[in-house]
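The listed protein sequences derive, respectively, from chains Y and X.
Each residue of the first sequence is one higher than the one before, starting from 1 at the first, in our numbering.
Each residue of the second sequence is one higher than the one before, starting from 286 at the first, in our numbering.
The set of hints was computed from the structure by calculation and includes no laboratory data.
Values in this document were obtained by computation on a predicted structure and should not be read as measured data.
Idealized CB from N, CA, C, for every residue including glycine.
Hints may contain errors.
Here are the simulated DSS-like pairs of lysine-lysine, each with C-alpha atoms no more than 25 Å apart in a straight line [stated by the list, open to error]:
#, chain 1, residue 1, chain 2, residue 2
1, Y, Lys-78, Y, Lys-93
2, X, Lys-390, Y, Lys-93
3, X, Lys-390, Y, Lys-78
4, X, Lys-390, X, Lys-313
Some chain X residues flagged as far from chain Y (calculated, every beta-carbon gap over 12 Å) [claimed, not checked]:
#, residue
5, Gly-320
6, Thr-350
7, Glu-354
8, Pro-356
9, Leu-357
10, Val-369
11, Ala-375
12, His-386
13, Leu-388
14, Val-402
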Amino acid sequence: MSPETALAIERFLNDTSLTFIWGGGGMTWVAIGASRAHLSTSMRIPLKFASVMASCSAILALPIHTALIEGDWTAIDKGHVLAAVLTSTNVGKYALLHAIVCLTMAAVSFLGCERAAVVLSGLAIVSLAATGHASQSPAHMVVDAVHALSACAWVGALMPFAFLLRMSADPGRARDSIASMRRFSLLGHAAVAFTLISGLANTILTLGGLPANPTSPYQFELIVKVCAVFSMTGIAMVNRYLFVPRLRADPISSRYWLVIGTSAEVVLGLFAIAMVASFGLQDPF
Amino acid sequence: MTRTLPFAVGVLAAFTISNPAWAHAHLKSSSPSDGAIIESSPARIGLQFTEDLEPSFSGVTLLSTGGEEVPLTKTVQGDGASVVRVPARALVSGSYDVHWHVLSKDGHATSGSYSFVVKP
């Protein structure tokens with residue numbers, strides 16, 4: 001496996017874990033009444049697992065970056081090369097900072113401070129904007145951070161939303177879970193809007209325009225990702241404006257289609273994260 | 286709404302006219318330049334890139350026609366986006382290949398090469 005492929009996989013695992021903690025853990029805060037306690041219990045183990053995966057992948061980032069810079073896996077056996085990447089390059093310094101934030105996040109998660117873990121996952125997501133294509137200007141970094149935070153909030157919240165859907169089938173939990181889903185819907189509109197606007201701004205800042213050259217691997221994968229995000233937006237709108245209003249009149253069928261739609265959004269969201277993990281390493285032109 | 290719309294248009298316009306980020310360091314110019322035929326040995330080999338570089342992981346190798354490496358003993362500090370090296374000895378006539386490898390500040394490694402000729 002080439003160092004570039006390894007770095008793309010590392011980025012995917014790290015981004016997915018942080019997405020789940022930021023969006024999924026954050027959604028637990030938003031839930032109302034008894035549904036919050038149920039959601040918190042359902043999410044506890046998956047969130048701990050995600051924090052471990054985020055930490056492990058963040059620790060691996062430095063040796064993989066070193067192999068990529070040197071163009072050879074044997075570079076990671078050389079302590080002085082690893083030390084040089086760590087101390088004398090931006091990418092090394094931010095890899096260390098990112099790993100420290102992820103490890104702290106995992107520690108507080110295991111200590112039972114889930115809210116602190118969510119805040120630290122947000123910080124870890126923001127720290128990713130300090131390297132890569134957006135790091136050329138402070139304005140671009142801000143746009144990139146807003147894009148990452150809003151997109152991660154959207155995709156990460158889908159799993160707890162699916163839990164809430166299941167809870168809404170239980171008459172004893174229906175009221176709180178439906179009220180929680182309404183809150184999710186309100187915040188979801190904002191997250192989708194921020195994701196689309198900041199995504200457009202990010203693209204223009206990186207390319208100077210819209211992606212128009214599908215022969216460039218970066219631009220091709222960006223176009224594919226945009227198609228996935230537009231598909232997610234379409235599914236979210238159908239869910240919100242077609243199936244949610246029918247929940248009262250036809251709960252079984254509506255819930256079934258909402259679960260199908262939410263699952264499709266999760267798959268497309270993971271696909272979009274994989275695209276970002278890949279094209280973020282490539283030359284935009 | 287009357288205030289929001291002009292603001293949104295202004296923000297979009299600002300993004301639209303903004304310069305793109307290069308994100309990977311590309312060779313912008315060099316001295317001697319690619320394909321140059323020069324009268325005498327150059328005093329230095331200078332390469333200017335589109336982005337700021339990490340000096341520890343950016344370098345230049347100079348090869349003569351026969352593939353022999355020409356030592357570049359002295360590093361002259363340029364600005365953050367350039368690499369400047371001075372040949373240890375005067376270059377004799379012949380063709381030379383300059384191989385460069387750089388790491389940009391945003392963490393992307395790139396490499397390339399070009400040639401120039403020192404006239405007999």
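Status of each hint after checking the structure:
1. Lys-78(Y) x Lys-93(Y): Satisfied, since the Cα-Cα distance of roughly 18 Å is no more than 25 Å.
2. Lys-390(X) x Lys-93(Y): OK: Lys-390(X) and Lys-93(Y) at ~11 Å, within 25 Å.
3. Lys-390(X) x Lys-78(Y): 22 Å, holds
4. Lys-390(X) x Lys-313(X): Holds, at about 16 Å.
5. Gly-320: The claim stands: Gly-320(X) keeps its Cβ more than 12 Å from every Cβ of chain Y (closest is about 23 Å).
6. Thr-350: 26 Å, holds
7. Glu-354: 18 Å, holds
8. Pro-356: Fine: 22 Å to the nearest Cβ keeps Pro-356(X) off the interface.
9. Leu-357: For Leu-357(X), whose nearest Cβ neighbour in chain Y is about 20 Å away, the distance exceeds 12 Å, so it holds.
10. Val-369: 19 Å, holds
11. Ala-375: 32 Å, holds
12. His-386: For His-386(X), whose nearest Cβ neighbour in chain Y is about 8 Å away, the distance does not exceed 12 Å, so it is violated.
13. Leu-388: At about 6 Å from chain Y, Leu-388(X) fails to clear the 12 Å cut-off, so the statement is violated.
14. Val-402: About 29 Å separates Val-402(X) from the closest Cβ of chain Y, which puts it past 12 Å; holds.
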